[in-house]
Amino acid sequence: MIKVSLKDGVVKEYNAGITVLEIAKDISEGLARNACCGIVNGKTEDLRFAVNEDSSVEICTFDSPEGKRAFRHTASHVMAQAIKRLYPETKFAIGPSIDDGFYYDFDREKAFTHEELEEIEKEMKKIVKEDIPLERFELPRAEAIKFMEEKEEPYKVELIRDLPEDAVISFYKQGDFTDLCAGPHLMSTKPLKAFKLMSVAGAYWRGNEKNKMLSRIYGTAYTKAADLDAYITMLEEAKKRDHRKLGKELKLFALLDEGPGFPFFLPNGMIIKNTLIEYWREIHKKAGYVEISTPIILSRALWENSGHWDHYKDNMYTTIIDEQDYAVKPMNCPGGMLVYKQEMHSYRDLPLRVGELGLVHRHEKSGALHGLMRVRCFTQDDAHIFMTQEQIRDEIKGVVNLIDSVYKLFGFKYHVELSTRPENSMGSDGAWEMATEGLRGALEDMGVKYVVNEGDGAFYGPKIDFHLEDSIGRTWQCGTIQLDMQMPERFDLEYIDKDGTKKRPVMIHRVCFGSIERFIGILIEHFAGMFPTWLAPVQVKVLPISEKFIEYAKSVEAKLEGAGIRAALDNRDEKIGFKIREARNERVPYMVIVGEKDLEANKVSLRSRAIGEEGQFDLSDVISRISDEIKTRKTC
RNA sequence: GCUGAUAUGGCUCAGUAGGUAGAGCGCUACCUUGGUAAGGUAGAGGUCACGGGUUCGAAUCCCGUUAUCAGCUCCA
1 MIKVSLKDGV
11 VKEYNAGITV
21 LEIAKDISEG
31 LARNACCGIV
41 NGKTEDLRFA
51 VNEDSSVEIC
61 TFDSPEGKRA
71 FRHTASHVMA
81 QAIKRLYPET
91 KFAIGPSIDD
101 GFYYDFDREK
111 AFTHEELEEI
121 EKEMKKIVKE
131 DIPLERFELP
141 RAEAIKFMEE
151 KEEPYKVELI
161 RDLPEDAVIS
171 FYKQGDFTDL
181 CAGPHLMSTK
191 PLKAFKLMSV
201 AGAYWRGNEK
211 NKMLSRIYGT
221 AYTKAADLDA
231 YITMLEEAKK
241 RDHRKLGKEL
251 KLFALLDEGP
261 GFPFFLPNGM
271 IIKNTLIEYW
281 REIHKKAGYV
291 EISTPIILSR
301 ALWENSGHWD
311 HYKDNMYTTI
321 IDEQDYAVKP
331 MNCPGGMLVY
341 KQEMHSYRDL
351 PLRVGELGLV
361 HRHEKSGALH
371 GLMRVRCFTQ
381 DDAHIFMTQE
391 QIRDEIKGVV
401 NLIDSVYKLF
411 GFKYHVELST
421 RPENSMGSDG
431 AWEMATEGLR
441 GALEDMGVKY
451 VVNEGDGAFY
461 GPKIDFHLED
471 SIGRTWQCGT
481 IQLDMQMPER
491 FDLEYIDKDG
501 TKKRPVMIHR
511 VCFGSIERFI
521 GILIEHFAGM
531 FPTWLAPVQV
541 KVLPISEKFI
551 EYAKSVEAKL
561 EGAGIRAALD
571 NRDEKIGFKI
581 REARNERVPY
591 MVIVGEKDLE
601 ANKVSLRSRA
611 IGEEGQFDLS
621 DVISRISDEI
631 KTRKTC
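Numbering follows the numbering used here, with no gaps: position 428 of the first sequence is 428.
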């Protein structure tokens, strides 16, 4: 049976067998203003109906984003109801659905403990079992405020007061619990069979760090228990590929108490870093870039001139040398400006593309640090491009293409954001508008999809950001293209134009990897530690069956290394099964096994990470296969 | 920075009512010479993050500091 709530609290029931379209017709005629979940043929059907303001009917399933939102939003209300029953002194803030579930913010003397979370879950199960109907009603503003004042819910009162003049103020009532809410919701609590409370965390009221910190409970809900289990399994799997865990296991890098946020690169990690840099140099040379290197510590006067001293000082490390103030660079731009000014430029020099793998230091808040993803010291694969106004679009397109080619090589999916002027920024409105439109125009010319991120630009200009996902779906900004209207002005950059007059060049500031550290973090999670052969710290492991074959193994290793392949010999006194197990755990792409049979035939036995045991081959064939894979930077 | 949680040998973790620490892996030595995901025996290794306090006695209880984790805020 499907239940649909109509106007005035009337609920209409439909028998099994009725089609979705028939129901939709009825709903539109009945002007239902609710969502519902019904039972068809004895099974919970993942159906939801919503009637828009213009009476058009939307039908969607719980697999749709809309449906999931309604489902999880109801779960959030059920959690709030449970808390109201168990801990009546709690004040309620907001509780929306989110991508993977829902949360609710509460104000309470003490934060919820894990034991309390279990109690809440139990109470939620009761509420679900009670099959409580959700009823929607509306109140005029004054009554709505009075209603929540009587309930002693200050946060709700504040929310109502801040609603626009003409807003419909609706409430959803489920038994002994009523919440301010725009809906939509399920018809009843009953379909909420599969849910789980995940974690407790602090969150500022209205997301403002000046406000009180509330206690937030995160949870998730699915229509089927199997889906919930799959989600939990997915989280566990994601944990296994966490770059911090793999970084330790594969001996790539170390984060130590002695330097919070300052990563140590171990030999294996250094190979990856250097290999990425080698690749970076190759493609940038092809794209017409030159490379420079500027100092890490520069004088206060320079940072005052660049505007960093005023706008960025809190995040800068400063020092005193010979009684003068200096700062450790948080960005490479000012150094780049000084390099530009080393000689007079002609319009013939432009666009001038100047790359720098610059080590920058930024004092990030302690709570913001996260493995290699958010550090206090990192290498930017930076470049500044100096050009004429007319060259802007083509240059931006060139950079977008370059970044796209890099991400494609690794098989990354990414999304693009256009970030506009922030509050604390420098420059005129006109200049900002022109710069922002320049970026937007380039993206639109290329047909690149993007979202606008209002007010998230750099203090010196708008930017295009490229975001990559980590193993649990959090996204991290990597590539960025920033149009800088400030630096050329502040540093009085010039070039001599065709007509012999001095002109001001335009500058963009861009990175592909973003920070090499962060990029490596993403790579680790993306490949789950199974780096493509060209990046793998050890590309081939040579495993002699017993000590008798160490000499032969050494000659194999030498030949591999002679061909430019990173080979490692495991000549420990262990059985072959054990050595294979270890090499697999190290995610080595190839193993070459040598024993009596191989020595006699003057061949090697090959085992690859992708296929497993592959049989006997001539070493020269193995070398050419692996070399080819490295040369072409094959991804899998 | 904020809220909460955590901190035990190189790594992963036990340590259940406060009575000066355990395991597996790794490491070292010896035995074993083994053909595709863990061969055996023995040994070394820890002032239980740091600083105070309570107590006859603290890894264990309390306070503070630092770091890490989750989330929030921030992220040029």
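None of these hints come from the bench; they were simulated from the model. Each hint should be verified, as a subset may be incorrect.
[Unchecked claim] DSS-like mimics (lysine-lysine), calculated; alpha carbons at most 25 Å apart, straight line:
hint	residue 1	residue 2
1	K210	K110
2	K603	K548
3	K251	K273
4	K146	K126
5	K125	K173
6	K110	K84
[As the list claims (entries may be wrong)] Taking CB as the label site, the calculated pair distances span:
hint	residue 1	residue 2	range
7	S199	K341	37 to 43 Å
8	N453	S555	53 to 59 Å
9	K239	D162	38 to 44 Å
10	E109	A226	37 to 43 Å
11	V452	A301	56 to 62 Å
12	K122	D162	31 to 37 Å
13	S405	D131	37 to 43 Å
14	D492	K397	24 to 30 Å
15	E258	K126	49 to 55 Å
Given the structure is predicted, the values throughout are model-derived calculations rather than measurements. Using N, Cα and C, we set each Cβ at its ideal position, and we do this for glycine too.
So which of the earlier hints does this model not fit? Hints 4, 7, 11, 13 are the ones this structure does not satisfy, whereas the remaining hints hold.
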